[in-house]
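Asks: Listed below, chain by chain, are the residues.
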Amino acid sequence: MSHVLTAEGSSIAMNGSHEARVWSALPTKEQRPPLTPKELERKIGSEVAKIGQGRAFKNKWIVKEGDGLVRLTESIDDSTQKDMREVDSTGTLKAGEKALAELRKRKLIVPKKGQWFTVHKGSNFSTSTAKPETDLTVDMLTSTPAREVQDTFYLSDPSTSLPPPADYYARVSKVHEHGGFGSSGYRAPWSDAESRKLLLRTHTTASSAAMLYKLAARCRGEDDLEADALAAHSGTTRKGKESDGGDGFRPAKLFSIDRVFRNETMDATHLAEFHQVEGVVADRDLTLADLIGFMRVFFKKMGLENIRFKPAYNPYTEPSLEIFAFHPQLRKWVEVGNSGMFRPEMLEPMGFPKDVHVHGWGIGLERPTMIRYGISNIRTLVGHKVPIENVEKSPAVRF
Amino acid sequence: MPTVAIDKEDLWDRLGHKYAPEEFDRLLFEFGLELDEDTTEEVEAAKKKGLPAERPQLKIEIPANRYDLLCIEGIARALRVFLGKEKAPLYQLIYPEGGEDSLITTTIAPETKNIRPYFACAVLRGVTFTQRSYDSFIELQDKLHQNICRRRQFVAIGTHDLDTLEPPFSYEARPPKDIKFVPLSKTEIFTAEELMVAYESEKHLAKYLPIIKDSPVYPIIYDSTGKVASMPPIINSEHSKITLNTRNIFIDVTATDETKIEPCKVIYPDGTTRITPDLTYHPMTAHASYVNSCTGLSVDSSELAKLLERMTLTASLDPDDADAVAVQVPPTRPDIMHECDLMEDAAIAYGFNNLPDTFPPTSTVAQPLELSKLSDIVRREWALAGFVEVLPLILCSHEENFDWLNRKDDGNLAVRIANPKTLEFQVVRTSLLQGLLKTVRENRSHALPIRIFESSDVVFKDRKRERQAKNVRHAAALWCNKTAGFEVVHGMLDRAMQMLDVPRIESTDKKSPTGYYIKERDDPTFFPGRAATIYYRRPSASHSGLAHIQRVLSITDDEEIGVLGILHPSVLEKFEITYPCSAVEFTLEPFKTNAHEIWTNAE
Chain E
1 MSHVLTAEGS
11 SIAMNGSHEA
21 RVWSALPTKE
31 QRPPLTPKEL
41 ERKIGSEVAK
51 IGQGRAFKNK
61 WIVKEGDGLV
71 RLTESIDDST
81 QKDMREVDST
91 GTLKAGEKAL
101 AELRKRKLIV
111 PKKGQWFTVH
121 KGSNFSTSTA
131 KPETDLTVDM
141 LTSTPAREVQ
151 DTFYLSDPST
161 SLPPPADYYA
171 RVSKVHEHGG
181 FGSSGYRAPW
191 SDAESRKLLL
201 RTHTTASSAA
211 MLYKLAARCR
221 GEDDLEADAL
231 AAHSGTTRKG
241 KESDGGDGFR
251 PAKLFSIDRV
261 FRNETMDATH
271 LAEFHQVEGV
281 VADRDLTLAD
291 LIGFMRVFFK
301 KMGLENIRFK
311 PAYNPYTEPS
321 LEIFAFHPQL
331 RKWVEVGNSG
341 MFRPEMLEPM
351 GFPKDVHVHG
361 WGIGLERPTM
371 IRYGISNIRT
381 LVGHKVPIEN
391 VEKSPAVRF
Chain V
1 MPTVAIDKED
11 LWDRLGHKYA
21 PEEFDRLLFE
31 FGLELDEDTT
41 EEVEAAKKKG
51 LPAERPQLKI
61 EIPANRYDLL
71 CIEGIARALR
81 VFLGKEKAPL
91 YQLIYPEGGE
101 DSLITTTIAP
111 ETKNIRPYFA
121 CAVLRGVTFT
131 QRSYDSFIEL
141 QDKLHQNICR
151 RRQFVAIGTH
161 DLDTLEPPFS
171 YEARPPKDIK
181 FVPLSKTEIF
191 TAEELMVAYE
201 SEKHLAKYLP
211 IIKDSPVYPI
221 IYDSTGKVAS
231 MPPIINSEHS
241 KITLNTRNIF
251 IDVTATDETK
261 IEPCKVIYPD
271 GTTRITPDLT
281 YHPMTAHASY
291 VNSCTGLSVD
301 SSELAKLLER
311 MTLTASLDPD
321 DADAVAVQVP
331 PTRPDIMHEC
341 DLMEDAAIAY
351 GFNNLPDTFP
361 PTSTVAQPLE
371 LSKLSDIVRR
381 EWALAGFVEV
391 LPLILCSHEE
401 NFDWLNRKDD
411 GNLAVRIANP
421 KTLEFQVVRT
431 SLLQGLLKTV
441 RENRSHALPI
451 RIFESSDVVF
461 KDRKRERQAK
471 NVRHAAALWC
481 NKTAGFEVVH
491 GMLDRAMQML
501 DVPRIESTDK
511 KSPTGYYIKE
521 RDDPTFFPGR
531 AATIYYRRPS
541 ASHSGLAHIQ
551 RVLSITDDEE
561 IGVLGILHPS
571 VLEKFEITYP
581 CSAVEFTLEP
591 FKTNAHEIWT
601 NAE
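Those sequence lines, one after another, are chains E and V.
full-length UniProt numbering numbers the first residue of the first sequence as 1 and each following residue consecutively.
full-length UniProt numbering numbers the first residue of the second sequence as 1 and each following residue consecutively.
These aren't lab readings, by the way, just hints derived from the structure by calculation.
In silico EDC-like pairs for lysine to aspartate or glutamate, Cα to Cα no more than 20 Å straight-line: (1) E:K197 / V:D462; (2) V:K143 / V:E37; (3) E:K332 / V:E37.
Which chain V residues stay away from chain E? Per the calculated CB distances, all over 10 Å, these: (4) V81; (5) N248; (6) P277; (7) R504.
Residues from chain V that face chain E, not an exhaustive set, calculated with beta carbons under 7 Å: (8) A64; (9) S293; (10) T295; (11) G296; (12) F352; (13) P356; (14) L391; (15) V415; (16) I417; (17) A418; (18) T439; (19) N443; (20) R467.
No residue lacks a Cβ here, since even glycine has one placed at the ideal position from N, Cα and C.
Pulled out of the complex, with its shape left as it was, chain E reads as follows (with noise of 0.2 Å):
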């Protein structure tokens, strides 16, 4: 147990213990005249006069002297001086136990509190320091204009996917690398383990994709039986072609509306987790025009009649558009949407044909929610947070 001086204490170390401080203030036998003890206790104070009269008379360094008191030895050593200088700078003495329990009844010192750390190596202990996920290389972040991956949750545990098919693997990491199907490429290395790290998705269009792999499976000559429930809902392509123009090709139209994650700090209008509604239309030979008349025409269901269209840059779609629609009471216009035709460098490996042109289409659930409804704090919509009452009485969604 470690002491430290009390205030008693501290005064003591710096300037001598009451008997000894008694002792100095007195005359010796041969200057006289002796001090009386009232003239004592003007010159060092009542309190240490008093205290310090009985000891030093119990030490034997002063005696009486008619009514007044002189000093009996020429020097004297402070012992009680000398311990609380130890334990200021030690917290101990080294004459034991016995004699700081003495000088903790004579309140000069006490135990010291403390906060004890008991530090075990845990199971992420490592002497070196892994680098944080900020500092890249370049393995980790091609030259394509990506989203941050500061704004991505990464897994770790499960930290890494199980191999991908590996044809398919093949073919998108020699388009991006080295070109092909008419491209290319990035001419950026890439990197396997980058590929196969887990995360949770911050766009729908991840989805979109490994859905449009699957669609192509026919194309890709892959015998399924799945392809005969798809058959059932695909319709007829453009140009009169057959539906089927001996590549196995059918036309299909899908949509999500899920939920997307992003490390990103919260406030009022951002939170981790929020919607994307995203729809992708697979045909052979839809244009731009296509892509643009549908918009149109989906906006138009929700009310936004004039809108315009952006040119705008997406690392998988080309042509990339931003819609923006003219809100009459901002009286600005604001970005609602965002689409664009896949690229052939991303859906030529999976095994569409040439031809086959893909729509992709997506926009937050939340921001134009709150918009049309005057909602300041995104987390009265989304999260644990909404007031039920808001739910129970929100009046039914009408276009």
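Model the placement of chain V on the given structure of chain E, informed by the hints.
Replies: Frame of chain E; chain V shown alone:
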């Protein structure tokens, strides 16, 4: 997306026209740019108050692929070409007198491969700066650093007054203590070691220090007399800084990756030489038929060539192919990789908003996703029973998912997140209960009883699947009132099962071909004696002999699909709920009957 601030008057001069705000907004929009801000009003207001004001600026958002538009010069050129006011420039290298032999050379030391192995350089001759063009030059360098160079991690660019240096140059990598020079904006000599400490407090430079900090050697560029030109990617030397009076500029580029005007010769340690910069135009072919089939236009090749010219591309007709246009892609457009990129540029030049109005003729027959349909069935029934659907989060803390529900984490269940910014997002939920309980906690002021439900996905680890995890659709309902209401949630289960056409059977019934029943369970999430497991017996698919024998022998393989019960007081305490609650939660997956697996997450 980067935003570039440019001088408004300067831009009008360069475009030869003063644009009205709406007119300019439309021009930018059609070209794929967005006007973020026009500071004119601000500046006017400041002037009225007699405050010092800068010249009005336009802040323009540039798409992430257009590195050639990061300065006023680039934007003005692109818009002039787009408007048909000028032809696309032809970039070419001018060799010095004496040709290749008198090129300035830089020799690369082998040690640089340990830190930033790639090097390129060039000289700009006969430059005349004004204050504004000088500012624009410095600003462009910074924009390039922030964007394509990824905050100098991949690429760092240094610019020097060539006339203060004596070529040839050498690019080396040396221990920090051996590097000594006067860095830009300082007056004394620093060693690289001292610099790394000094710059820690300088915010604009501190962020670049980690790029080389822990390397035993730092990159350094010397001239032939041993003068330091720069220490990439951190700082240039004061000695060679460019000023308004600089006429000839030496540009050095160091990189960790090679894919990114007088040329210079670079000599690599293995003896190979390369002349930089590479201003080669890439030939590509655009076909009118392809462009028409993708856009809905009907242009011929000469119209197509005109459209492409307006996008700063050099296009000429192919005498041998009436459909084709030969395109020279300038080095400023590395984003053009495929004919589809040319197709988009043609469509932009034509104007997205001028395209014919068509609609995809694709006709298909709608088909709901079965799992969503199951959820909808439960939603409708539970809502009719007076329960409100809520929307809690899918990510939660580890405690909420396990400890607070008195559940143990055996490590095989929940998917964990590696890099959450807050403790709220440590795991992907394996149960809907904690979301419902948190919703009750946040709705204390709501009148009792609180009746809520959710039908959504939970996620479990699954080592067999490519993605190592699977989504499972659950349905859960919770009742909170002055009495626990076990019978209420039991009723919710019965109602949902009734709608799913699953009959209730006795737990002792071994004969019925299908049905559900509940059986008491020992579960610390729930109050002892008030918890039950929900079992489901699938209708046997075949009337095979085996199924018959199993029934005769009373062998059942009933699956456990969920739980219900009164929540344990210790659970309620953790979620700060002061009223008793009952809950039911079960999976909807076994009730899929004829799912088209193609659109599901099944592998």
